[in-house]
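So the protein lines, in turn, are chains A and B.
Read in my numbering, the first sequence has 254 at position 254, and its numbers run on one by one without any break.
Read in my numbering, the second sequence has 294 at position 294, and its numbers run on one by one without any break.
Worth flagging that the hints you see were computed from the coordinates, not collected in a lab.
One or more hints might be untrue.
Using 20 Å as the maximum straight-line C-alpha spacing, the simulated DMTMM-like pairs for lysine to aspartate or glutamate come out as follows [what the hints assert, rightly or not]:
(1) K183(A) <-> D450(B)
(2) K267(A) <-> D450(B)
(3) K183(A) <-> E455(B)
(4) K151(B) <-> E130(B)
(5) K170(A) <-> E455(B)
Quick list of simulated restraints, FRET-style, between CB atoms [what the hints assert, rightly or not]:
(6) G237(B) <-> L83(A): 31 to 39 Å
(7) R143(B) <-> L83(A): 21 to 29 Å
(8) Y403(B) <-> S173(A): 41 to 49 Å
(9) R10(B) <-> W164(A): 18 to 26 Å
(10) R163(A) <-> A414(B): 40 to 48 Å
(11) V110(B) <-> G212(A): 54 to 62 Å
(12) A250(A) <-> L214(B): 51 to 59 Å
(13) A414(B) <-> R38(A): 34 to 42 Å
(14) R143(B) <-> G212(A): 39 to 47 Å
(15) R51(B) <-> A116(A): 28 to 36 Å
(16) R338(B) <-> A56(A): 32 to 40 Å
(17) R111(B) <-> R163(A): 42 to 50 Å
Where a beta carbon is used, it is the ideal one built from N, C-alpha and C, also for glycine.
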Amino acid sequence: MTLEIVLMWATVTLYAAGSVLFTVGFVFHRPLMRPALRVSLAGLVPQTLAIAIRWARVGHPPMLGFYEVVPSLAYAAVVLFGLIVWRRRDLEALGLAVMPVSFLMIGGAMLVAPRADLQLTPTLASWWLTIHVSFAKLTYASFLASFAISVVYLVRDGDRSERWKSVLDKLPSQAVLDDLSFKFIAAGFVFLGIMIAAGAIWANEAWGRYWGWDPVETWSLVSWLVYAGYLHLRLTLGWRGRKAALVAVAALPVILFALVGVPLAYKSIHAAYLKGV
Amino acid sequence: MSPKRSPLRRLGSRTTAIWLLAGVAACAILGAVVPQVSLAGSGAVAQWQARYPLLSPVARALGLFDVFNSLPFLLLVAWLALSTAACAWERGVAAFGAFARAGSVSEADVRRLRERPQRVVPVAAGREDEALDALARSLRRMRLSVRHGPKLLSARTGRFRLLGSPLFHATLALLFLVIGLGRLGRCEGVLQVPVGSTVTDSAESYARANESPLCLGHSGLGVGASDLVFEYTDRDGVPRGASPVVTLYARDGRHLAGHHVYPNAPLRHGSLLVHMAGYGLAPVFSLESTGGSVISTAHAFVDFDASKASGTTPAGLEVTGADDSVRHDLRVVVPADRTPEGVVGRVPRDGRVEVSVASDEGTGPPVTLRPGEALTLPEGARLRLVSIGYYARLDVADDWSVYPMYLLFALAAAAVSASLWMPYRTVRALLADGAGGPELRAAVSDRRGDPLFAERVEAALREAAGREPAEKEESA
Numbered sequence: 001m002t003l004e005i006v007l008m009w010a011t012v013t014l015y016a017a018g019s020v021l022f023t024v025g026f027v028f029h030r031p032l033m034r035p036a037l038r039v040s041l042a043g044l045v046p047q048t049l050a051i052a053i054r055w056a057r058v059g060h061p062p063m064l065g066f067y068e069v070v071p072s073l074a075y076a077a078v079v080l081f082g083l084i085v086w087r088r089r090d091l092e093a094l095g096l097a098v099m100p101v102s103f104l105m106i107g108g109a110m111l112v113a114p115r116a117d118l119q120l121t122p123t124l125a126s127w128w129l130t131i132h133v134s135f136a137k138l139t140y141a142s143f144l145a146s147f148a149i150s151v152v153y154l155v156r157d158g159d160r161s162e163r164w165k166s167v168l169d170k171l172p173s174q175a176v177l178d179d180l181s182f183k184f185i186a187a188g189f190v191f192l193g194i195m196i197a198a199g200a201i202w203a204n205e206a207w208g209r210y211w212g213w214d215p216v217e218t219w220s221l222v223s224w225l226v227y228a229g230y231l232h233l234r235l236t237l238g239w240r241g242r243k244a245a246l247v248a249v250a251a252l253p254v255i256l257f258a259l260v261g262v263p264l265a266y267k268s269i270h271a272a273y274l275k276g277v
Numbered sequence: 001m002s003p004k005r006s007p008l009r010r011l012g013s014r015t016t017a018i019w020l021l022a023g024v025a026a027c028a029i030l031g032a033v034v035p036q037v038s039l040a041g042s043g044a045v046a047q048w049q050a051r052y053p054l055l056s057p058v059a060r061a062l063g064l065f066d067v068f069n070s071l072p073f074l075l076l077v078a079w080l081a082l083s084t085a086a087c088a089w090e091r092g093v094a095a096f097g098a099f100a101r102a103g104s105v106s107e108a109d110v111r112r113l114r115e116r117p118q119r120v121v122p123v124a125a126g127r128e129d130e131a132l133d134a135l136a137r138s139l140r141r142m143r144l145s146v147r148h149g150p151k152l153l154s155a156r157t158g159r160f161r162l163l164g165s166p167l168f169h170a171t172l173a174l175l176f177l178v179i180g181l182g183r184l185g186r187c188e189g190v191l192q193v194p195v196g197s198t199v200t201d202s203a204e205s206y207a208r209a210n211e212s213p214l215c216l217g218h219s220g221l222g223v224g225a226s227d228l229v230f231e232y233t234d235r236d237g238v239p240r241g242a243s244p245v246v247t248l249y250a251r252d253g254r255h256l257a258g259h260h261v262y263p264n265a266p267l268r269h270g271s272l273l274v275h276m277a278g279y280g281l282a283p284v285f286s287l288e289s290t291g292g293s294v295i296s297t298a299h300a301f302v303d304f305d306a307s308k309a310s311g312t313t314p315a316g317l318e319v320t321g322a323d324d325s326v327r328h329d330l331r332v333v334v335p336a337d338r339t340p341e342g343v344v345g346r347v348p349r350d351g352r353v354e355v356s357v358a359s360d361e362g363t364g365p366p367v368t369l370r371p372g373e374a375l376t377l378p379e380g381a382r383l384r385l386v387s388i389g390y391y392a393r394l395d396v397a398d399d400w401s402v403y404p405m406y407l408l409f410a411l412a413a414a415a416v417s418a419s420l421w422m423p424y425r426t427v428r429a430l431l432a433d434g435a436g437g438p439e440l441r442a443a444v445s446d447r448r449g450d451p452l453f454a455e456r457v458e459a460a461l462r463e464a465a466g467r468e469p470a471e472k473e474e475s476a
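Looking at chain A on its own, in the form it has when it is part of the complex:
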């Protein structure tokens, strides 16, 4: 087993431990949020090292193949979670949603994905790849953050018996959570738009056409339309609070499917970035 794989398994272990601690702390009212946060963020250390080792060996950032792409999406989400908590300590309960999703993604990739070193093809060897994929990661991390905030919002909103009051009271007010969820969706919406535009420009450079209704392109557009719908519902029809949170939660599977599911489910010219062929 190479050092890179050992480090990745260490990451999986720490993310799993973080997820368990967040859940146990929440469900059983134990003061475990702080240790859960520390353990979760500690997982970034081995993952950063593993990414760096692989990057140095294969000569490109984590952008090719399921094994590189999916854990790096989880990495982006945990880094963003760390940044959020660094700015607002009272949002550490977001780990309840961020960490299990991140653990499942990286754990799933470790179990099912081949770890072969994939090389950049002449088409992929472009600066646009870096721009396109970087914005994809930012998009995913922003929408996952919004999802996590909305989940926490809905949990507190539904906690009529005040069973989890002691934990939830440490969070900012519902109005602030609602606004934060919106802000992350706004950021993700802009990032997704830039990702799609960068992809279109790159496609024109590489293939001579900027849009071809390829399944990945189509589902990215669908995701953009879904989030455009969210923004319209919120900003023009005044959907806030519970309704907006429900839409934010329901929208995440669409973007997850567009980024990860479509290249696996469809025959697509974009499949190279997840399958390497």
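Model the placement of chain B on the given structure of chain A, informed by the hints.
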């Protein structure tokens, strides 16, 4: 609402926009779920129909096998474009009105502040004279531009922020227009250019052409291919695969542009874009009269294909005989070399070509030719294989809309970012006499309803009024 404006309002209605977004998304999902003829080919559609015999008549009736070119989808997109334009217009008119009024406080505003303030904070004894000054200082620290007199304060962010949303919608509407017109005027196709020669960018040169209804015709420029390198490495040391040097010539033969062309490095000239799509073999034939003089020469374009026994796809070639009225359809195969890894994409070592002559009676037996050898055609002329070279398969697209579209992308990204991240904010405050003494009466507005901004203004009001930050019960 005046009856005249009603249709525009209806078109730009927020509810309509939501339904249109949902409709376009639903069509896109259908187009991704059901195979599309234009993308997956008719074979994939036939397979799907065989797998879902009950659904296929419905899908065919609804045009689901070509959703993105279907009239309902195009109408839906056109409607969305019009709705976006109407929305941009309405938002623009409102934003420019607010832009012109920004910072001013009308009599009605003062009356509202006096009678229905959003927030009321009693001013501590002795703070009356400095309350508005203190509030102004706090608001300036929040990067608001502040004007105030002895009793009234007005603060706002930069008024250009008002224009983000209308600009974004206007840019989107323009994008719809530019993309639509660009699609209607696009000329594209595949040019097969023998390496070492030049062909003219005109309709008859294309192996496959796609001319949109408003395509004004091809450029007429000369497109030359030379110096095909099979394993080209660019200046940064990145392997780029097969790459020819492609050159564009004006009608008078002037050199216009040229360089190695490979994926991500197309050749550009104005709105013309030339991409490397692949390469194949190009046997050159000459047609000779019975007297031995050359009547014409022609290239056959043969592609490598691992699935074929010969390793190449048979190519058709039409040659005109000595008498112009006599034409011959030839079928040309170049048996490729193979290794355990597959077909070798090079001129085969023994360099032979198999030619069959088709006639009304059917296709004759293949005749093997090597460079220099000839076969006699039925009417007596001779077809000679001159050489076997390569050809470059070039995707040529002439689309004026691409660069304006990039510009609109950038503008849209900037406008939507400004709209979502830099909302227009105002604070108005009036120092008035209340029942229990002087009080600050304020109205706070944030276009995005950011509660943190409201909290910060509330804190600033309390600080200015000499109140403890924790006191909240006095907010109106």
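Verification of the hints:
no., hint, verdict
1, K183(A) <-> D450(B), "9 Å, holds"
2, K267(A) <-> D450(B), "43 Å, violated"
3, K183(A) <-> E455(B), "17 Å, holds"
4, K151(B) <-> E130(B), "11 Å, holds"
5, K170(A) <-> E455(B), "18 Å, holds"
6, G237(B) <-> L83(A): 31 to 39 Å, "36 Å, holds"
7, R143(B) <-> L83(A): 21 to 29 Å, "23 Å, holds"
8, Y403(B) <-> S173(A): 41 to 49 Å, "48 Å, holds"
9, R10(B) <-> W164(A): 18 to 26 Å, "46 Å, violated"
10, R163(A) <-> A414(B): 40 to 48 Å, "46 Å, holds"
11, V110(B) <-> G212(A): 54 to 62 Å, "59 Å, holds"
12, A250(A) <-> L214(B): 51 to 59 Å, "41 Å, violated"
13, A414(B) <-> R38(A): 34 to 42 Å, "39 Å, holds"
14, R143(B) <-> G212(A): 39 to 47 Å, "45 Å, holds"
15, R51(B) <-> A116(A): 28 to 36 Å, "33 Å, holds"
16, R338(B) <-> A56(A): 32 to 40 Å, "38 Å, holds"
17, R111(B) <-> R163(A): 42 to 50 Å, "48 Å, holds"
Of the numbered hints given earlier, the model fails hints 2, 9 and 12; all others are met.
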